[in-house]
Amino acid sequence: MKIRVYRFHPERDQTPRMQSFEVAARPGMMLREALLEIKALDESFAFRHSCGEGVCGSDSVNVNGRNCLACTTALADLQEPIEVRPLPGRPVIRDLIVDMSQFYDHYRAIKPYLIRTDPLPEHEIHQTPEARAKLDGLYECILCGCCSTACPSFWWNPERFHGPAALLQAWRFLADSRDQATDERLDALEGAYKLFRCHSIMNCVEVCPKGLNPTQAIGNIKELMLSQAL
Amino acid sequence: MPIPRRHFDALIIGAGGAGLNAALRLASAELRVAVVSKVFPTRSHTVAAQGGVNAALANVLPDHWHWHMFDTVKGSDYLGDQDAIETMCREAIPTVYELEHAGVPFSRLENGKIYQRAFGGQSQQFGGEQAARTCAAADRTGHAILHTLYQQNIRARTHFFDEYFAIDLIRDSEGVVLGALVLGIEDGEPLVIAAKTTLLATGGYGQVFRTNTNAFINTGDGMAMALRAGIPLQDMEFYQFHPTGVAGKGMLITEAARGEGGYLVNADGERFMERYAPSARDLASRDVVARAIVSEIRAGRGCGAQKDYVLLKVDHLGAEVVHQRLPGICDICRVFLGIDPAQAPIPVFPTAHYAMGGIPTDPQARVIMPARHGPEEVVPGLYAAGECACVSVHGANRLGGNSLLDILVFGRAAGQDILRYVSENPHHRPLTDEDIEPGLARLQRWARRGDGERVSVIKAELRKLMEDHCGVFRDQETMSHGVAKLTALRERLDIVRLQDHSQVFNTARIEALELDNLLDVGTATLMAALAREESRGAHSRVDFPERDDTHWLKHSLYSLSEDRIDYKPVRTKPISVDSFPPKPRVY
Ligand SMILES: Cc1cc2nc3c(=O)[nH]c(=O)nc-3n(C[C@H](O)[C@H](O)[C@H](O)COP(=O)(O)OP(=O)(O)OC[C@H]3O[C@@H](n4cnc5c(N)ncnc54)[C@H](O)[C@@H]3O)c2cc1C
Ligand code: SF4
Ligand code: SF4
Ligand code: FES
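In order, the protein sequences belong to chains A and B.
Counting with our numbering, you get residues 1 to 230 for the letters of the first sequence.
Counting with our numbering, you get residues 1001 to 1587 for the letters of the second sequence.
Honestly, I wouldn't trust all of these hints.
Some, not all, of what chain B presents toward chain A, calculated at C-beta under 10 Å [to be verified]: (1) S1028; (2) I1093; (3) E1100; (4) E1110; (5) I1114; (6) Y1115; (7) A1144; (8) R1454; (9) V1455; (10) S1456; (11) V1457; (12) E1511.
Simulated pairs of lysine-lysine, DSSO-like, Cα-Cα distance not exceeding 30 Å [what the hints assert, rightly or not]: (13) B:K1583 / B:K1568; (14) A:K210 / B:K1113; (15) A:K39 / B:K1485; (16) B:K1307 / A:K39; (17) B:K1249 / B:K1307; (18) A:K210 / A:K2; (19) A:K134 / B:K1307; (20) B:K1249 / A:K2; (21) B:K1464 / B:K1485; (22) B:K1249 / A:K210; (23) A:K2 / A:K39; (24) B:K1307 / B:K1573; (25) A:K222 / A:K134; (26) A:K39 / B:K1464; (27) B:K1554 / B:K1573; (28) B:K1554 / B:K1307; (29) A:K2 / B:K1464; (30) A:K111 / B:K1113; (31) B:K1249 / B:K1573; (32) A:K39 / B:K1249; (33) A:K222 / A:K111; (34) A:K111 / A:K134; (35) B:K1554 / B:K1568; (36) B:K1583 / B:K1554; (37) B:K1554 / B:K1485.
Just so you know, the hints here were simulated from the structure itself, not pulled from any lab data.
Computed from a predicted structure; not experimentally measured.
Glycine is no exception: its CB is placed at the ideal position from the N, C-alpha and C atoms.
Full structure from sequences and hints, please.
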């Protein structure tokens, strides 16, 4: 099976290029394993990966134009010729490795932690199963960045628009019955950019490897803002 | 050019659950803390833990920390240190509450309390009815905990060195640990992090075995760093194999598959567990089932072209049961095997899972080793917590749900004691260029050019060797062969050369440094296993099938210099309760 991978080495290359490798596909083989075989042929080929089972979020790449995790993408599901590129819109460090700092900065900016002002009980803070269910589809995010780097609004405004991953987490804390910083969180999202650059294009939903729905989370935040304003 | 230096009160190597919980303690106390991790923190392997974390909250069934303690001592096959186990089981309760307050999205009961499920080896009243002690966030507990701890560290403004690789500890001539030499993965530049205290929280080393449930990054770096700094590793012969990993790939297939009525068959379609464990059959304890699978394969009754796995059948339960009760397993099977377990059996093989052994510590997470004044002297300035440490709460066999607990409790304990140490030792000690030499030499070794062997080839041979010679079943002959092969492999390490000598994000160089570490911890495991002539917990010797408390109720300590093994007694005295004396372990 022929796989074309994006190569760029800042110490050697002026411009990026595509390089073809021939990999013997085995039944059930995942793209990550194919990339590892390429690395065995050419150890200078670089990409991030770790868990191999879709939970660590390290190996997000762009394959045939679509963002995905290499470890949960089966070669059999891909159309030849297979082209593997780094996530779009991020500065490339080397080969498939991109600089994710801005993505992480937006995540940190939304204060992704529980804020409480009440004194803490000596046991757990109680939460009903229904209230807890509101966090399903939100807390499972693995920060892989597939969504934000597929979002046109994030491409155009990477400094100012928080992007789908960070906004999904903003909603995760707004939706948590234990959190007591709703006003503060909503105020921080005011303005034309941080939240409101989302135009519901839904690229994010389409690519999320965990099946999460940032578009809906963003819609929920907007709705909450409206209802608070009334 | 001199190597740049940074100064911190505390250096934490590792951003899994152990490292992050320690960091949180310290950053909240306004110490200057640096957390070094070779991957972005939420990519640490704690993220993969599924089932949950044990604490006797008694939310579902009656429970008590003392019952939890009994189960853990018994589970450890009496090799666990009872003072550490008492500490862990007592601390479990406030630890889980603290996690909940930090924001972990635990699953809930109708009354709003944390959901708890039953797990193996749990009992009420010291061996009575089944207990329900495992606190869970669905089947993503590790993810929920790791992300929450990282989030809280963002709040506490912990200083992170993401994608920095720790090469070696820096120890002065008096043996005091002064920090570590690290490598910026992105820029390829070495950096000295000088610190008053250093915590190793680098996790496990499952990658030393060919098939395992661990992440690619679990290469035993911290354990090997300790070995090279002259610190022995404890109880390395005890490595847990989970009976049902996906064959050839290693992902975990939970015990619940058999709990729901699944069973194992060999190439003849025979339900072979009936021969090995006539009453418990497929639900016999993990080590028994793992041994049975290997026996079948060795007898030529394995399935597939290579006859190297058995099949786990759940299809007879019907599609509804399988899809509703085992959705996670269905996902794994769909993604990685392209099968629906309701239609087709799952190929499984015992899979390397968890290191019970590691860097010896006391219950304050201080690293201890035999020295001038006794067998357990504190190494000044050095701490270890999490899977890389051996405190020892798991002894010869770990119970499910006790590792997440271990990393949290002793990560926190490390933070606590570091606070004390830094207040008593407020100044940095002098750090000379000589102190950095050994670490630098190790890095520079990989700058040698020319033709030679490949890192990937040696690594593959090591992994195969460990699986073949130090697996589920062990005996003198197989292991001695393994030692010979390993010695030959270590000699070949000298002629390994990198082809890639670039600076920026050179992952080949990182893998080479990891290979050094894997060889060191692999050697420790094999040597300690060869030396222990009894069967206890996960260590099962065909040639010594019985547990031998008279001669072997003791911890092993493997040192790199001269390949030496020493022993020290098990701490059988708890802190405030009576000790649990060794008894035959029957479930
Ligand atoms: C699939 C699976 C499921 C599990 N399920 C459960 C469960 O349900 N319940 C339970 O109790 N236990 C479970 N365990 C065990 C438990 O998850 C682990 O033992 C535990 O998470 C280890 O945590 P840690 O903090 O010690 O290490 P890790 O989380 O592995 O973190 C290690 C850290 O060290 C860093 N590091 C390592 N080497 C270097 C270096 N050289 N330089 C810089 N940084 C370095 C890494 O980047 C990482 O940040 C499971 C394990 C697996 C594999
Ligand atoms: S829905 Fe919003 S966040 Fe998602 S891709 Fe579109 S613009 Fe981006
Ligand atoms: S929302 Fe989905 S795609 Fe986006 S970072 Fe999280 S897991 Fe990845
Ligand atoms: S390697 Fe962890 S998500 Fe793919």
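Hints and how they fare:
1. Because the beta carbon of S1028 of chain B sits about 12 Å from the nearest beta carbon in chain A, more than 10 Å, this interface hint is broken.
2. A hinted interface residue such as I1093 of chain B counts as satisfied when its beta carbon comes closer than 10 Å to some beta carbon of chain A; here the least separation is about 9 Å, so the hint holds.
3. A cut of 10 Å between beta carbons decides the hint on E1100 of chain B: the least distance to chain A is about 4 Å, and the hint holds.
4. A hinted interface residue such as E1110 of chain B counts as satisfied when its beta carbon comes closer than 10 Å to some beta carbon of chain A; here the least separation is about 6 Å, so the hint holds.
5. Annotation: I1114 of chain B was flagged as interfacial toward chain A, and the flag holds, the nearest CB pair being 5 Å apart, inside 10 Å.
6. Against a cut-off of 10 Å between C-beta atoms, the interface hint on Y1115 of chain B holds, since the closest Cβ of chain A lies about 8 Å away.
7. For A1144 of chain B, the suggested interface contact is upheld, since its CB lies about 6 Å from the closest CB of chain A, less than 10 Å.
8. Contact between R1454 of chain B and chain A, as hinted, is supported at the beta carbon level, the nearest pair being about 8 Å apart and thus within 10 Å.
9. Restraint check, V1455 of chain B versus chain A: the minimum CB separation of about 7 Å is within 10 Å; hint holds.
10. For S1456 of chain B, the interface hint holds, since its Cβ comes within 10 Å of a Cβ in chain A; the closest pair sits about 5 Å apart.
11. For V1457 of chain B, the suggested interface contact is upheld, since its CB lies about 9 Å from the closest CB of chain A, less than 10 Å.
12. Among the interface hints, the one on E1511 of chain B holds; its C-beta lies about 8 Å from the nearest C-beta in chain A, closer than the 10 Å criterion.
13. Taking the CA atoms of K1583 of chain B and K1568 of chain B, the gap is about 21 Å. The hint holds against a cut of 30 Å.
14. Taken as a hint, the K210 of chain A and K1113 of chain B pair is honoured in the structure, with Cα atoms around 27 Å apart against an allowance of 30 Å.
15. Proposed proximity of K39 of chain A and K1485 of chain B is supported: the alpha carbons are some 26 Å apart, at most 30 Å.
16. Restraint check for K1307 of chain B and K39 of chain A: the C-alpha separation of about 29 Å stays at or below 30 Å, so the hint holds.
17. In summary, the hint linking K1249 of chain B to K1307 of chain B is supported, as the alpha carbons are separated by about 15 Å, within the 30 Å threshold.
18. About 28 Å separates the Cα atoms of K210 of chain A and K2 of chain A, which keeps this hinted pair within 30 Å; it holds.
19. Restraint check for K134 of chain A and K1307 of chain B: not satisfied, since their Cα atoms lie roughly 47 Å apart, outside the 30 Å limit.
20. Between the alpha carbons of K1249 of chain B and K2 of chain A the distance comes to roughly 23 Å, so the proposed pair stays at or under 30 Å and holds.
21. Only pairs whose Cα atoms come within 30 Å are accepted, and K1464 of chain B paired with K1485 of chain B is accepted, the gap being roughly 11 Å.
22. Our distance criterion of 30 Å between C-alpha atoms is met by K1249 of chain B and K210 of chain A, whose separation comes to about 21 Å.
23. Between K2 of chain A and K39 of chain A the CA atoms are separated by roughly 15 Å; this keeps the pair inside 30 Å, and the hint holds.
24. Simply put, K1307 of chain B and K1573 of chain B have alpha-carbon atoms about 48 Å apart, too far for the 30 Å limit, and the pair is violated.
25. Restraint check: the Cα-Cα separation between K222 of chain A and K134 of chain A comes to about 17 Å, which is no more than 30 Å; the hinted pair holds.
26. At most 30 Å may separate the alpha-carbon atoms for a hinted pair to count; K39 of chain A and K1464 of chain B meet this at roughly 20 Å.
27. With a C-alpha separation of about 14 Å, the suggested pair K1554 of chain B and K1573 of chain B falls inside the 30 Å cut-off, and the hint holds.
28. Straight-line distance between C-alpha atoms of K1554 of chain B and K1307 of chain B comes to about 38 Å, which puts the hinted pair past the 30 Å bound.
29. As the CA atoms of K2 of chain A and K1464 of chain B are separated by approximately 29 Å, the hinted pair is consistent with the 30 Å bound.
30. At roughly 26 Å between alpha-carbon atoms, K111 of chain A and K1113 of chain B fall within 30 Å of each other, so this suggested pair holds.
31. Between K1249 of chain B and K1573 of chain B the CA atoms are separated by roughly 42 Å; this puts the pair beyond 30 Å, and the hint is violated.
32. Using a Cα cut-off of 30 Å, the hinted pair K39 of chain A and K1249 of chain B holds, with the two alpha carbons roughly 19 Å apart.
33. For the hint linking K222 of chain A to K111 of chain A, the alpha-carbon distance of about 18 Å falls within 30 Å, and the restraint holds.
34. Restraint check: the Cα-Cα separation between K111 of chain A and K134 of chain A comes to about 19 Å, which is no more than 30 Å; the hinted pair holds.
35. About 6 Å separates the Cα atoms of K1554 of chain B and K1568 of chain B, which keeps this hinted pair within 30 Å; it holds.
36. A C-alpha spacing of about 15 Å is found between K1583 of chain B and K1554 of chain B, which places the hinted pair at or below 30 Å, so the restraint holds.
37. Annotation: proposed proximity of K1554 of chain B to K1485 of chain B holds, straight-line Cα distance about 28 Å (limit 30 Å).
When the structure is compared with the earlier hints, violations turn up for hints 1, 19, 24, 28 and 31 and for no others.
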